[in-house]
Amino acid sequence: MDSTPSECQYFCKQRDVTTFALLDKMWEHKVVFFRAAEKMGFQWHKYEGGDPRLEGMDDLSGVQIPLHYIFRMASHTIHLVVLYERSGNYLWHGPLRLKRNMDRKFAPFRKLQFGRYAGAYKRADLIQVTADGLKLQIPKDPSRFLAEMSDSRFLECRYREARSFFQLYPDDLSLEGIDFRKKARALLHLAASTLDVLGMSFWISSGTCLGWYRQCNIIPYSKDVDLGIFIKNYKPELIPALQKAGLPLKHKFGKVEDSLELSFLGSDDVKLDIFFFYEEADYMWNGGTQAKSGKKFKYLFPKFTLCWTEFLELKVQVPCETLDYIKANYGKNWDVPLKVWDWKHSPPNVKPNGIWPLDEWDDVIQLF
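Here my numbering is used: position 364 in the sequence shown is 364, and no number is missing along the way.
Keep in mind that the hints are not guaranteed to be accurate.
Within a straight-line C-alpha distance of at most 27 Å, the following computed DSSO-like cross-link-like pairs (lysine-lysine) qualify [to be verified]:
1) K271 with K182
2) K271 with K232
3) K339 with K223
4) K298 with K235
5) K25 with K122
6) K332 with K351
7) K135 with K105
8) K99 with K183
9) K140 with K13
The set of hints was computed from the structure by calculation and includes no laboratory data.
Start from the sequences, fold in the hints, and give me the full structure.
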């Protein structure tokens, strides 16, 4: 570094914390780096956590990896966040957790932008820049990365609870069950890639969300893939885009203003059901329609926000308040498998919502 104080524009500004990201595969945790920092007068701590990529591997589960490094000199803190590549083609950082014997006054932890929760980001193309004489890499599109920050919270699948679930209820390892999961996975990946091109945010909903939360997998007897989309994010290009991707429309119930629901047919009769959610002052809801009678139904949910997770090697969103969401839909016994399910009566959050007028049936009840 050959800059002088007059040339310093970025790192000399008064701030409590300066944050850098480290790509794990591109940075070796060299002892010489930390020794150099110590010679300059820095104190530093390393914060580790379990490697979720190794969950399910009995001999490797529980392996600790570096998640965060914090360096301190006088009143200034430098925070290094370690990013790891995950199989869903995204970058992940773990939460910063202080163990019981750690110094909680070592750094202004509440001021750190990264670490309160685990986070997930799209892989970014990096470009090299020079700032105050330091050669750094930054995202080619910094604005996109900054926009992701506020919605980056990541929830890990509950692997330990899933293992306990399968001890009580052995997994379906039949050829039929394995084949369905394979087809459902392919359908979810196809739908996700299509919606991503359209720029439509979605989350895994209903039985697909229950499978992720309860057993970290598709429920083999569910026979469909369920997605949720906020109605404010609906785009009319959705139907033709999914049809072009090879998913013919099976039914369209409701309308954009009220109770819209779409169903597409994937390969070998595996359905893709998309439920659109409407927001009221103190709750959210999606609608349902009985085709033969025109009866309408409303499914009420407590308000929720969205987090990222990894499911079937795909980065997807789920409700952050997952348990509240699932209990609303499946009741207090959500953790007990139930193969008989009546969508009109079984959900505890379902309410009658009137009947569609006969003169609207051609528009709001379409079967293909």
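Hints versus structure:
no.	hint	verdict
1	K271 with K182	13 Å, holds
2	K271 with K232	24 Å, holds
3	K339 with K223	11 Å, holds
4	K298 with K235	22 Å, holds
5	K25 with K122	16 Å, holds
6	K332 with K351	18 Å, holds
7	K135 with K105	31 Å, violated
8	K99 with K183	43 Å, violated
9	K140 with K13	23 Å, holds
In this structure, the hints that do not hold are numbers 7, 8, in rising order.
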